[in-house]
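Sequence order for the protein chains is C and X. Here the numbering used here is used: position 60 in the first sequence is 214, and no number is missing along the way. Here the numbering used here is used: position 367 in the second sequence is 521, and no number is missing along the way.
Derived from the structure by calculation, the hints contain no laboratory data. Please read all numbers here as calculations on a predicted model, not as lab measurements. Warning: the hint list may mix true and false statements.
Repeated chains share a single entry, so a pair holds when one copy, or any two copies, can fit it.
[Unchecked claim] Straight-line alpha carbon distances no greater than 27 Å define the calculated BS3-like cross-link-like pairs of lysine-lysine that follow:
{"id": "1", "residue 1": "Lys519", "residue 2": "Lys157"}
{"id": "2", "residue 1": "Lys486", "residue 2": "Lys389"}
{"id": "3", "residue 1": "Lys173", "residue 2": "Lys241"}
{"id": "4", "residue 1": "Lys357", "residue 2": "Lys333"}
{"id": "5", "residue 1": "Lys241", "residue 2": "Lys494"}
{"id": "6", "residue 1": "Lys241", "residue 2": "Lys587"}
{"id": "7", "residue 1": "Lys201", "residue 2": "Lys581"}
{"id": "8", "residue 1": "Lys241", "residue 2": "Lys295"}
{"id": "9", "residue 1": "Lys295", "residue 2": "Lys173"}
{"id": "10", "residue 1": "Lys587", "residue 2": "Lys494"}
{"id": "11", "residue 1": "Lys587", "residue 2": "Lys323"}
There are 2 protein chains.
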Amino acid sequence: MEKVDYIICGDYVLTMNGKLDTLRKGAVAVQGARIIDVGAAEAILEKYTPVRLIAGEGRAVLPGFINTHTHAPMVFFRGLADDLPLKDWLEKHIWPAESSLLSPDFVCDATALACLEMAKAGVTTYNDMYFFGSSSALSAKAIGIRAFLGAGIVDFPTMSARNAGEYLKNAEVFINDWKGDDLITPCLAPHSAYACSPETLQKVTALAGRLDVLASIHLAETEWEVGESISRHGKRPLEHLEAIGFLNEKVLAAHCIWLEDSEIGVLAERGVGVSHCIESNLKLASGIAPVPHMLRAGVKVTFGTDGAASNNDLSILSDMSTAAKVHKAITKDPTALDSKTALLMATRWGAEVLGAGDSTGSIEKGKLADIITINLQKPHLAPMYDIYSHIVYAAGASDVDTVVVNGKLIIDGRRPVTCDEEGILLKASEWGKKIAAYNSSHPQ
Amino acid sequence: MEKVDYIICGDYVLTMNGKLDTLRKGAVAVQGARIIDVGAAEAILEKYTPVRLIAGEGRAVLPGFINTHTHAPMVFFRGLADDLPLKDWLEKHIWPAESSLLSPDFVCDATALACLEMAKAGVTTYNDMYFFGSSSALSAKAIGIRAFLGAGIVDFPTMSARNAGEYLKNAEVFINDWKGDDLITPCLAPHSAYACSPETLQKVTALAGRLDVLASIHLAETEWEVGESISRHGKRPLEHLEAIGFLNEKVLAAHCIWLEDSEIGVLAERGVGVSHCIESNLKLASGIAPVPHMLRAGVKVTFGTDGAASNNDLSILSDMSTAAKVHKAITKDPTALDSKTALLMATRWGAEVLGAGDSTGSIEKGKLADIITINLQKPHLAPMYDIYSHIVYAAGASDVDTVVVNGKLIIDGRRPVTCDEEGILLKASEWGKKIAAYNSSHPQ
Numbered sequence: 155m156e157k158v159d160y161i162i163c164g165d166y167v168l169t170m171n172g173k174l175d176t177l178r179k180g181a182v183a184v185q186g187a188r189i190i191d192v193g194a195a196e197a198i199l200e201k202y203t204p205v206r207l208i209a210g211e212g213r214a215v216l217p218g219f220i221n222t223h224t225h226a227p228m229v230f231f232r233g234l235a236d237d238l239p240l241k242d243w244l245e246k247h248i249w250p251a252e253s254s255l256l257s258p259d260f261v262c263d264a265t266a267l268a269c270l271e272m273a274k275a276g277v278t279t280y281n282d283m284y285f286f287g288s289s290s291a292l293s294a295k296a297i298g299i300r301a302f303l304g305a306g307i308v309d310f311p312t313m314s315a316r317n318a319g320e321y322l323k324n325a326e327v328f329i330n331d332w333k334g335d336d337l338i339t340p341c342l343a344p345h346s347a348y349a350c351s352p353e354t355l356q357k358v359t360a361l362a363g364r365l366d367v368l369a370s371i372h373l374a375e376t377e378w379e380v381g382e383s384i385s386r387h388g389k390r391p392l393e394h395l396e397a398i399g400f401l402n403e404k405v406l407a408a409h410c411i412w413l414e415d416s417e418i419g420v421l422a423e424r425g426v427g428v429s430h431c432i433e434s435n436l437k438l439a440s441g442i443a444p445v446p447h448m449l450r451a452g453v454k455v456t457f458g459t460d461g462a463a464s465n466n467d468l469s470i471l472s473d474m475s476t477a478a479k480v481h482k483a484i485t486k487d488p489t490a491l492d493s494k495t496a497l498l499m500a501t502r503w504g505a506e507v508l509g510a511g512d513s514t515g516s517i518e519k520g521k522l523a524d525i526i527t528i529n530l531q532k533p534h535l536a537p538m539y540d541i542y543s544h545i546v547y548a549a550g551a552s553d554v555d556t557v558v559v560n561g562k563l564i565i566d567g568r569r570p571v572t573c574d575e576e577g578i579l580l581k582a583s584e585w586g587k588k589i590a591a592y593n594s595s596h597p598q
Numbered sequence: 155m156e157k158v159d160y161i162i163c164g165d166y167v168l169t170m171n172g173k174l175d176t177l178r179k180g181a182v183a184v185q186g187a188r189i190i191d192v193g194a195a196e197a198i199l200e201k202y203t204p205v206r207l208i209a210g211e212g213r214a215v216l217p218g219f220i221n222t223h224t225h226a227p228m229v230f231f232r233g234l235a236d237d238l239p240l241k242d243w244l245e246k247h248i249w250p251a252e253s254s255l256l257s258p259d260f261v262c263d264a265t266a267l268a269c270l271e272m273a274k275a276g277v278t279t280y281n282d283m284y285f286f287g288s289s290s291a292l293s294a295k296a297i298g299i300r301a302f303l304g305a306g307i308v309d310f311p312t313m314s315a316r317n318a319g320e321y322l323k324n325a326e327v328f329i330n331d332w333k334g335d336d337l338i339t340p341c342l343a344p345h346s347a348y349a350c351s352p353e354t355l356q357k358v359t360a361l362a363g364r365l366d367v368l369a370s371i372h373l374a375e376t377e378w379e380v381g382e383s384i385s386r387h388g389k390r391p392l393e394h395l396e397a398i399g400f401l402n403e404k405v406l407a408a409h410c411i412w413l414e415d416s417e418i419g420v421l422a423e424r425g426v427g428v429s430h431c432i433e434s435n436l437k438l439a440s441g442i443a444p445v446p447h448m449l450r451a452g453v454k455v456t457f458g459t460d461g462a463a464s465n466n467d468l469s470i471l472s473d474m475s476t477a478a479k480v481h482k483a484i485t486k487d488p489t490a491l492d493s494k495t496a497l498l499m500a501t502r503w504g505a506e507v508l509g510a511g512d513s514t515g516s517i518e519k520g521k522l523a524d525i526i527t528i529n530l531q532k533p534h535l536a537p538m539y540d541i542y543s544h545i546v547y548a549a550g551a552s553d554v555d556t557v558v559v560n561g562k563l564i565i566d567g568r569r570p571v572t573c574d575e576e577g578i579l580l581k582a583s584e585w586g587k588k589i590a591a592y593n594s595s596h597p598q
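With the rest of the complex left out, here is chain C:
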C-alpha cells in the first residue's frame, strides 16, 4: 500500500470537475501539495495508507471556495459605519480612518483576522485589492491560505505611495519579490477607471503583459461611476476600458452592475472574468448585477465578498446563497441561478478567472489539494435530498469542518491549526479601539 499524507473521506464528494461528478462514499488521497487520487472510499482506503485519515461520516467533501474580490484588511472596519449613503460612508468614515491609520502593521494584523475568518468559512483562495501586499502575503502564508494579492494602484497619494508612477514601481518590485511562491500570486489591482487615468491604466496593461499577471479592477459598480465616465471620457466605463485596450482574458472585473447588453457582449468577447459581490452591492445600495444575462452571454461570473466593511462577512457560502435567491426574484424566474451553477461559480470558475483553473478549483487528480469538508449532521441540514441544494441554500460558514490548502491541514474540526485565534482576536480588539477613537474624534 502506498503511503500518503491524507485521505479525506465523505458521504459525498463533489468534485466540481467538468462532468460535475458526485461520488457517494468517496475519498480523496493527498500527497504533498497535490491530489493524487479520487474515487470510491473503499478503493482509496485499500490502495493507500494515510498518515492522517480525515473521516467522512456525515460530511461532504468539496473544493474550497474561491473569493475572487475582497479587500481583506478592511475587515478592521467591519460595522464601523453602516446604513449610510456610500459617499458619507467612504468620505466621512472609511477613507479618513484608512488615510490616518493604514500601515504595514495594520495590514498584517487585519489580514490575519480576515484569513482566519475566510479559512473557517471554507475559503481556500482569495483575490485581494489593497496596499502593502508583502504584509498581506506574510499573514496569508502564516495562516496557510492561497492568496492572489493585487497591488492597489490609484492616481492620488495614500500611505503606500505618492503617485501612479510610484504605485507601479512598487507593484513591480512586489510582483518580482513574490512570483513563484507556493501560496502567494502577486498581481495588479488598478482601482477603477475613475481613480486611474487612461495613461495609468495603459501602463498597467503593459506591465501586466510584461510580467504575465492578472489585473483586477472595479467596474460599473455605481450609477455615479457611469455618469462620471460619460462626462470625463464621453463613454460608459466599460466602453472606455475597451477603447483604451484594457480588456483581455487576464482582467478580472469586480461588480459589473451597470452594463448595457452590448457591454455584456464585450465582456464575453474579451474573455474578462467577473466577480459578483452581491451582498456588498445590496448593502451599499449600488444595484444588482445582471448575472443570469452575463451567464447566458458566456461571461464567467464568480463570487467575491468585497471587503467586510460592506458585506459584513467574508463567507462565500453566504454570498452564493444570497445571489442564488436574489436573481430568481429579479428575473421572476426560479430557475435563473440554480444550485449547481452557483457552486461552480464559487469553486472551479473562481479558479479559472484567476488564471488558476489548471491547478485548483476542483477535486481532480494532479490538482493542488485545496479541499474542505462540510458537516452535514446538523438540524438545519436534515433531511437530505440534494447535496448541492443543502450547500447553496442551507449551509453556513460554521458548517465548514475541515480545511486543507496546498495539502496542509489549516482547520481541523473547526479548530485553527496554524494560528492562535485568541491572539488574533485580541489584536483585532486593540486595533478596533484605535479605529473607534479616531472615528469619533475625526470631524464628520
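Chain C is fixed; fit chain X onto it per the hints.
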C-alpha cells in the same frame, strides 16, 4: 440576597424596550417564567443569588427572535425540489408528497426537527400555519419553544379534514383544547383568499372574534394571486379581504408583496400585522415586498422564514440580514432598513403582531423570560463597533449560544437541553428516505 433561578450576563444587553436601551456589562434576573430585574451586571449580582449563573464574557444578551410565519412541518421537504417554477414545485413535488404522507406522526417528528433548528438559531417564538396542530403542540412543548399554532383552513380536502366546515370545527376543538397553555397559543390560519371562499373567511372572522384568537393568512404573495382575485372577485386580494370585513388588528398577513399604495394604507388603517418572508419570496421568485414603504405608512412589519422547503432554513437572523440588505438595493437607499429597525422587527414587533407584545419580545421586568445570548468571540464578529450592526449583518444562527424560553434553559452553550438531537436527526433521515422514495415514484 434574593434567590433567583438564573442570572444571564452579557457585555451587551439589548433590551429592545421602547427606548432601545442597550446596557454595557448588563444582566437579567429570571425567576420562574419571568424576568424580575434588568440592570448593570454588578448591581444585579449584588442583589440576587442565582441557582445558575449564565456568564456573559464576550456575549450579547437579547430577546429571542420571533418567527411570525412558517410551516414548521415542511422542514421535511427542505431541498426536495429547488430551482423550479412555483407551480411545478407545489403541484409536482410538495402537494403530492403532502397528500400522500401527511399524518400526525409526520407533523410530530417534523415539528421536533423544526423546533430544534429554530431553538439553535435563537428563535424563541414561532407562528405556524399547518395541520394536526396538537401534534405540533406536543413537539414544540417537548423542545420548550413558544408556539402560536394556526389551524390550517382551506376549502378542499386534505389528510386532516374534508371541507371547510370540518376544518373550522376541528380548529375550534383544537383552540379550546390548548387555550391557556403556558407555551402554546392556538389560533386560526385560513390559507389565503384563493384557497378559502368569502363565506369560509367570514366564518373564520366570526370564530376568531368569538374565541379571541389571531388569524394568519397568506396575502398578495404572487402576481398570479392578484390576477386570480380580480377575475374571481373583481378586486385585488387585499381589497377583497377588506370588502368582506376580514381585516382587523388580530389578523397577521404573510408576504404582502403585490400591494398598491392605497392597499398599504388599508393595512395601516386596519392595524393588520405583516410577516415579511424575504428569503422564501426571493427563492420562489414571488417578488419583493415594499417593506420600507409599509414601515413609513406605519404598518408593523415583522419577519417570517416561511417553510424550510422554500427558504431553506428557519433562521430569522438570516432573513433579517437578507432583508436589511435587499431593501437598500431595491430602493437605492442605504438607509432604507437600518439595523435597529431590523432587530425591532425580529423581536418586539414580532411579539406585538402576534398579540403577545405585553408578555414577550423585549427584555423588560415582568415579561416572560424568552432570552438568548450570542457568542461574539468569533473572527467574523471582530472588531466591535456597533452591536446592532454585528447581529444584523454579521452574526449567524451558529453564533447563538444559550436560549431560555419561558424561564427554562433549552439550549446551553449550543447543546440542546430538552431533547435528543441525534434521535431527532435519525427520525428525519428515516422520513427523508420515505419522502424521497415517494417523490421519485410519483409520476411527474
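Against the structure, the hints come out as follows:
no.: 1; hint: Lys519 / Lys157; result: within (16 Å within a copy, 64 Å between copies)
no.: 2; hint: Lys486 / Lys389; result: between (31 Å within a copy, 23 Å between copies)
no.: 3; hint: Lys173 / Lys241; result: neither (45 Å within a copy, 30 Å between copies)
no.: 4; hint: Lys357 / Lys333; result: within (20 Å within a copy, 75 Å between copies)
no.: 5; hint: Lys241 / Lys494; result: between (37 Å within a copy, 21 Å between copies)
no.: 6; hint: Lys241 / Lys587; result: within (24 Å within a copy, 53 Å between copies)
no.: 7; hint: Lys201 / Lys581; result: neither (46 Å within a copy, 36 Å between copies)
no.: 8; hint: Lys241 / Lys295; result: neither (34 Å within a copy, 50 Å between copies)
no.: 9; hint: Lys295 / Lys173; result: neither (32 Å within a copy, 47 Å between copies)
no.: 10; hint: Lys587 / Lys494; result: between (42 Å within a copy, 22 Å between copies)
no.: 11; hint: Lys587 / Lys323; result: neither (34 Å within a copy, 62 Å between copies)
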